[in-house]
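Novice: Model the full assembly from the supplied sequences, consistent with the hints where possible.
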Amino acid sequence: MATFIRSRKDMIEGGSRSERLLYSAAGGDQKQKAKGGGEGEESAESGEGSQKLAKKGEELKEEMDSLMDEIDSVLEENAEEFVKNYVQRGGQ
Amino acid sequence: MAIPTVMGTEIEFGIIVKNDPDFDPISSCVLLVNAYQEDPDGRILWDYDQENPLADARGFQVDGEKYTPNHQENLARNKTLLNGARYYVDHAHPEYSCPEVTNARDLVIHEKAGERVAEISRREATALLPDGAIMLLHKNNSDRKGNSYGCHENYLMDRRTSFKRIVEHLLPFFVTRQIFCGAGKVGSENRGQPCDFQLSQRADFFETEVALDTMVKRPIINTRDEPHADRDRYRRLHVIVGDSNMSEYSIYLRNGVTALILAMIEDGAIDRDLTLRDPVRAIKEVSRDPGMGHLLSLDRGKKRTAVEIQQEYLEMALAYAAKNDLDAVTQDVVKRWQYVVEGLSSDPMSLHREIDWVAKKRLIENFMGRKQLNWDAPQVHMLDLQYHDSRPDKGLYYMLERQGEVERIVSDEEINAAVHTPPSDTRAFFRGECLRRYPGQVFGVNWDSISFGVGDEPIKRVMMSEPLKGTREHVLDLLERSETASQLLVNMGS
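So the sequences go chain by chain: A and B. As numbered in the working numbering, residues 814 to 905 make up the first sequence, in order. As numbered in the working numbering, residues 418 to 911 make up the second sequence, in order.
No lab work stands behind these hints, which were simulated from the structure alone. Given the structure is predicted, the values throughout are model-derived calculations rather than measurements. For each residue, glycine too, the CB sits at the ideal point set by N, CA and C.
Here are the simulated lysine-lysine pairs, BS3-like style, with alpha carbons at most 27 Å apart:
no. : chain 1 : residue 1 : chain 2 : residue 2
1   : B       : Lys788    : A       : Lys897
2   : B       : Lys720    : B       : Lys581
3   : B       : Lys435    : A       : Lys897
4   : B       : Lys562    : B       : Lys811
5   : B       : Lys581    : B       : Lys719
6   : B       : Lys634    : B       : Lys483
7   : B       : Lys562    : B       : Lys435
8   : B       : Lys788    : A       : Lys869
9   : B       : Lys634    : B       : Lys581
10  : B       : Lys788    : B       : Lys811
11  : B       : Lys562    : A       : Lys897
12  : B       : Lys811    : A       : Lys874
13  : B       : Lys634    : A       : Lys897
14  : B       : Lys788    : A       : Lys874
15  : A       : Lys868    : B       : Lys788
16  : A       : Lys897    : B       : Lys811
Some chain A residues judged to face chain B by a derived CB distance under 7 Å, without partners named:
no. : residue
17  : Met881
18  : Val887
19  : Val896
20  : Tyr899
21  : Arg902
22  : Gly903
23  : Gly904
24  : Gln905
Specialist: Here you go:
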């Protein structure tokens, strides 16, 4: 079995993000959080390693908090009504 | 040797008009499709003469009525776009059929361009609605009330490959590929076994292994035999088992890996027997197994998890890749497939940047934790639905994308360019370029033909039965030399 690709960094296209026809209007700054640079390189047992892990945990929590805040601001207000009325005709 | 890849997808969107008590899906679809105006004078018919959806790949013709709309209806329901796509009204849903492409990367670009086309036209259509009414589109496959609509993939295949062999080798693959290309769904429907969350939007709707139907008693393998190309050389495998993905990564693997498996079937490179005892049951079991631990029964008494079955296919693909000179995109597809299969076998939730169902599940579970909600809460169902919302400022997938929380395969520049530009390496190039260069002179279009109506002259139809002819390389010079459609026809020698 060939080696599995481990580094997520390798997998990220990066891609410039200038002109956005529609998709720039939606939100402010583009955050490109390429997670995992150097991931797996440090040992969790070393003091430095666990500190880094704790920091990473905090970052992840912050990321999630920011996502949840945004969901609060965009989620359909009357969810119950909306979901109830969402009826489609069958298609293919 | 397998024939070169030619493929495309057809996306049916969910449609609703908020704050409109008289909402009617069909007239809303017509409004939507006509709100998309690339060429305000464009009146191009869809050429139904070339269609035969009742031919069955197992070698017979099924009874039934072929639908052909009248002239007005035809114009109102169909748009052929400059990028070679077809944007139209299919039953009660708007549908975007992307142009033919030759690789998974272009497929992602053009499927994503379809999302943009839908969103542009949604905005235009909403502007025409009474105050307060707003049209919404969802790139999903179910209303969670038992109604489903599709995301169909199409792959050109060599007609010499036996259909029986295709079915045999594809069933276990189709049952299990949802682990990386399921779009995720809260709850179950269509009398499916109850569950909180499942991998696939569509799994609940598959009731049989092989059949021609696409709207009732849906089969895992669809037998529609309508190649839209030279019938003697090709078949078009019409795949109806997939989900409408938001994640570029999932789209890339859904089509990229499937195209590779089909090439391997053509080349006789599937040499392991993975036949499942009950595929229809298994597809629902896999969908209900986010932990990836469930064992499926194989025909010969063996048991395998979905991940193990994908590993078997992967191993055969690696052997195939070692012997064949695969193109760069296909090699990349194999690497990423390997990456997700490995991730799924150790820690499925670690793939929240790559796989749709994982991204959705993580988002919902965090929200539930924060708000102390359970899986039955309307807000949870709303999250599921809004993940697929086409609006860039409201759709939750787009929110993840904006926050840098998902892996991208292609760039926004590529997607935006594809909204108006056809792929350069298939007949879609000729189709799109003719529409752009000869406005008002194209009379009708189908996948394998384009007809011109110039002045009082009789309509002339140009056949395009080879999907890989009509590329930029083949026809650019011809188009450059032809200022009008009449000149084009003269220069083509017709």
